[in-house]
Amino acid sequence: MTSLPSSSIVPSRLRYYFRRLFFHLTIIFKNISSRKLNSLIVIFGLVFSLTSLFVSSIWIETNKSLISDQYIESLDYEMYITSYMPYRMNEIYEFVISDPLVSHVDYIYQTEALFNFEDKSPEYRFFPENNQEDPSNPISITSAILLPSSSIDRIGVNFNFEGNLSLRSNEILISDLEARELERIYNRSIVPGTTINLAVTKRIPYTDGGEVYLKYFDLNIYSNFTVSAIYTTNSARTILNKLLGGFGSSPSPLDDSIIFPLEAFSSSDLYTLERNGLLPKLLVKTRADKMRENGISLMVDSLAALRDRVTARFYFSNCILLDDEIQSMVDEYGRISKSLVLFIPSIIVSVLLVIVSSNITINQRREEVGILRVKGALPYQIILLFFSEFVVLSFISLVISFGLSILLSGILTGTANFSLFYGYLQIPVSSIELNTIIVLGIYLVSMFLKLYSFISQEVKESFIISTRGRKAINKSLFIFIFILLIVGFIFELLDFKESTDNYSRSFSSMILSVRLFLLFIGLCLISLYLVALILNFILIKIKPIYSLLLKKSSFFIHKNIQRPRKSFSSLTLFLLIASSLLSFTLALQTSLLKNIADEQYYLQGADLRIISHSTNISSFEEKIERINGIEQAMGIYSTTAKIASLTIELFGVDPLKYLDIGRWIDVSFVNSSALEALQKLDSDPFGICISDYLAERLGFSIDQSIYISDFFGRASFLSFNISSLIRSAPGLGFAHGVNSKVGRYVEEYILLNKDILSNYLGVSNGTLFFASVSEPKKIESIKEQLLQLDEVVSVNPEKINPNYIGYFILQFVPDVWAILTISVTFILIISVVYIFMSTNYILQQRREEYALLLALGANPKKVRKMIFFELNIYILFTLFFGMFFGILSALGSLYFVKPLLITQEIIPLRLHVNSILMLLIIVVFLFTTLLSSLSIIRAQTKTDIINELRIEK
Amino acid sequence: MTYNNLYKNQVDLTILISVLYYFILMSTEFIRVENLCKTYISPAERLEVLRGCSFTIFSGDVVCLLGVSGSGKTTLLNLISGLDSPTSGEIYYDGVPLHSLTLDQIYDFRLKNIGFIFQDFHLLEHFTALENVMSPLLLQGHSESFSRSVSFDLISRVGLSDKVDSYPDQLSSGQKQRVAIARSLAKVPLPRLLIADEPTGTLDSRTGDSIMELILGLSSEHNLTTIFTTHELFVAKLASRIFLLRDGKITSLSPSDLNNESFISSLV
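Protein chains in written order, with this note's numbering: chain A, 277 to 1229; chain B, 1474 to 1741.
Just chain A, with the same shape it has in the complex (with noise of 0.2 Å):
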């Protein structure tokens, strides 16, 4: 160092101690720079764990606000209220307003709506449209409902919609179901801005006889009102359609309505109804930003207190709140959440790139770290030297994998809501702080243990006489955590064991399989190591098949698996790793995609699945059936009762033709084929299939007798007998469980004859139809003149149901099988760039053999093919065994991981291994590995003999 000038701005210690550090970090970077492939490959695997880590936590952090916010803004209202003293109803309005989570409350009315009562007298009396006094001029009555024309935007985000959503004091919005029975009513088109007359009625029920007459409310009866907007619903799970009774309906109440603007009506209209019994209920609408406060995953708990405030204060009130749906999307959220861990794989091989990368890269500087020792560097100062290069390197990596995750976890989103996703973006300090520190802390134990190794004079001395306890001692350690991973393996299971039924996965079935994911892939880890040290001594092993194969070379390459240096067997490890983690994934992806596929297909439930308006079943059975191509068609019965005090939906099917139309498996039927179960249930007019959860909750067996009651809401009861035990019905679902897939809401079903439903019970109208096709090739066309039909909604819909919550999450975060494909991806990229990396590092170190080779005459050829050869023998085997690994590891792992691949296990998920893509990707990882190295080979046996002879080397 040159002395400094005296006098200076900067004072001259700190100019000093600056040019040293200068001279510090050239040292540093012309030594980065000078192994720029190794440096590079330590980035890139740095990056691509750190990067894995961080979209992880980006994303489940923006995600909570994000999606929390979007579901709740997508809801019309979260609650309604209703009291018994709609006197007070002001006052408890007055509370709920003030309350901090609540955005909005409502005034709501529900009653009818009348159509063509002006020629009527007042006393006229209603009955159902084919039995009134005039059939041939019937009064139309429909559901009405007063709303704020404030509120109409709230609730119009259901809506599908024809017209204009604002209201005007004498405009109304009209369902469409609704507008073309005006027009055959009116014989004219109802279309926006057309005029109609009606009034606001009340239906009182006339007790002699069942019939009911209306009484009209004193209000401007009859008044001209225009259509605004003619709309439908996307039958989704709102509370409006809850206090309507129609939840999960189709059509729900809200699709045969009229909408009022409340502001239609003065205070003394209002005054009126409420005097006739026209009760008020209100409709509470919360904030976004306070519901997802304390977590996505106490939303419901921040809606139930608010529920208890208000019925605390107001003891007449009740409270009705959104929960399921808002619990169902909270544990959706929550399983694709917990399904990020599937990243692990991917992150744990780029992690060990780091490593390998890392001690590559050490072993190729020993002779720098001796010269360092001998010129008389401390360890320390060495360590130091090795310090600043890994802070610097982990520096540029942190930068990289920071804004990449950025920028990924955007894009990884979609497109659609890139701009929303960063409008919500949180960055997780703590959890990004924590990934670093984890991985980044591994790199450099990794990367201190190596170099500890070389560095220090005592320990070599100690390591010759102690080898053996160090030896030891490994081996304990190992056997030591082997083992508690195993216990901790089997107690995790135990538990998951009693948490998980075999029909829905709980939030705490998720966490215990998260738990149990981890630990497997640790037990796989450590077994990996075993099997590496026995396909190792096999590879020694077999040398009688070398010689077969390759006669004149093979004690060459036989001595070079035997090796303990220089050797491919280091590969081996590595190899099976990835092998065995690559395969175990995409074994779990095509599992999981196979089971997506099975269940579409599943849930579509037949040839074709036909939904209509409501319609009378018989008649457009017959209707579907006179279309070319179709054989059989089949509707669906439905209704609703009680078994005890269960709600209960019921099913009515012809079972023979549900046999021949229906998608079965051989699951279907508890101990039963569908062929057995429907021909019983076609014999026995009151025979019934159950789930076997009911059964066994309610202690029931086959062929025992058992009622049902409140059909439509009376007390009628009728005795069923029990002729078979159902899991799950093609098209309509489980028989245990919510089934929000096809929009099925109600926890049990029940399959039974639709002679009963029909004959009995008096139904007639459905909206559900299944039909057989005689050439599937010819399902396009078919589809096409069906689509023709009125009364047709939708054939084969892409979304049984579209309001399913998963595909509103979805939008936000990548679906399960999209994470495995991702992880793939990675685990691929990295064993590539693994094995040219440490392909190019042992061929390097064995320059000087390859030339002494070449040097006593063998043939360049000769070297090459054996080079070849035994690359191809590690790689070959390694990924056998490693794959084997892998598919085993997929298959024992199926129990436990279930809960993070699919919510409800419609069809068994089983293992499915695509054996051409497993073939490909060995093809492709062989291909693409030995390309890399041929020009490494090349390289090498074109080497520079005399140069690798040299005596200075």
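Hints are not guaranteed to be accurate.
Claimed, not checked - According to the in silico footprint, chain B covers these stretches of chain A (three or more CB under 8 Å from chain B):
(1) 580-591
(2) 825-839
As the list claims (entries may be wrong) - Each computed DSS-like pair below joins lysine-lysine, with the alpha-carbon atoms no more than 27 Å apart:
(3) B/K1585 - A/K1138
(4) B/K1585 - A/K827
(5) A/K835 - B/K1722
Hints were generated in silico from the structure; no laboratory data involved.
Backbone N, C-alpha and C define an ideal beta-carbon position, used for all residues, glycine too.
With chain A's structure known, arrange chain B on it following the hints.
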């Protein structure tokens, strides 16, 4: 068939016609080098190592290439053995130009005809002493059992029968060089040319003497044409012919020249 049996027959034949052969051999040209030049061009400089070397080596000759460090001895050896290509000039083996052969033919020629002994031994670290000796035989395509048998005889011949299973890091420098010598002869049939590049360069004088004795003894026994390089005069005196490399040119010397003090001082 063991090494001893195989070459015992050869030796018997040689004795029977040795007198006639001696005179024939004296006039049988084996290697002819004509106007050999080798220039290394780098961005920094152009280095002419050999500038038109010409000489002839006959079968059975024991030739020493003498010269100071950097005179081009190793370069010349590399050219003769086909490891390197000359900038100009030609090398003939039995009248056939070496570099008219294809690369495969050169490798094959070297495998069959040339035994190489390196200054730095260059043993394969993961092969035992015996296996190192076996390697040229295996490269020639012989079976493992045959190679093992022949190699055992050779390794016994160099006095290391008790070290057959030792690895190079378990041998002394002298022992390593003995293994290298045995390896250089491990061909069937024997190599016609033995090249030793400073075989005693990394050895102490006593060990070096024994190594040279071994090399020359084996060379004489099997009538091998031998070329070795050295920068040491006392080693050079052991050869029957001496070529001096100086300033890129080659000059033939006689052993008596090496006893001339004024001549020796002119070399320094």
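Practice item. Tell me if chain B covers the stretch 825-839 of chain A under the three-residue, 8 Å CB rule, please? Key: holds (count 7)
Check your understanding: Are B/K1585 and A/K827 close enough, with their CA atoms no more than 27 Å apart?
Key -> At roughly 19 Å apart (the allowed maximum being 27 Å), A/K827 and B/K1585 satisfy the hint.
Check your understanding: Is the straight-line distance between the alpha-carbon of A/K835 and that of B/K1722 27 Å or less?
Key -> violated (44 Å)
Review point. Quick one, are B/K1585 and A/K1138 close enough, alpha carbons at most 27 Å?
Key: Between B/K1585 and A/K1138 the Cα gap is close to 16 Å, so the pair holds against 27 Å.
Practice item. Report holds or violated for chain B covering the stretch 580-591 of chain A, Cβ cut-off 8 Å, minimum 3 residues. Key: Violated: only 0 residues of the stretch 580-591 of chain A have a Cβ under 8 Å from chain B.
The structure fails hints 1, 5 (numbered hints given earlier, in ascending order).
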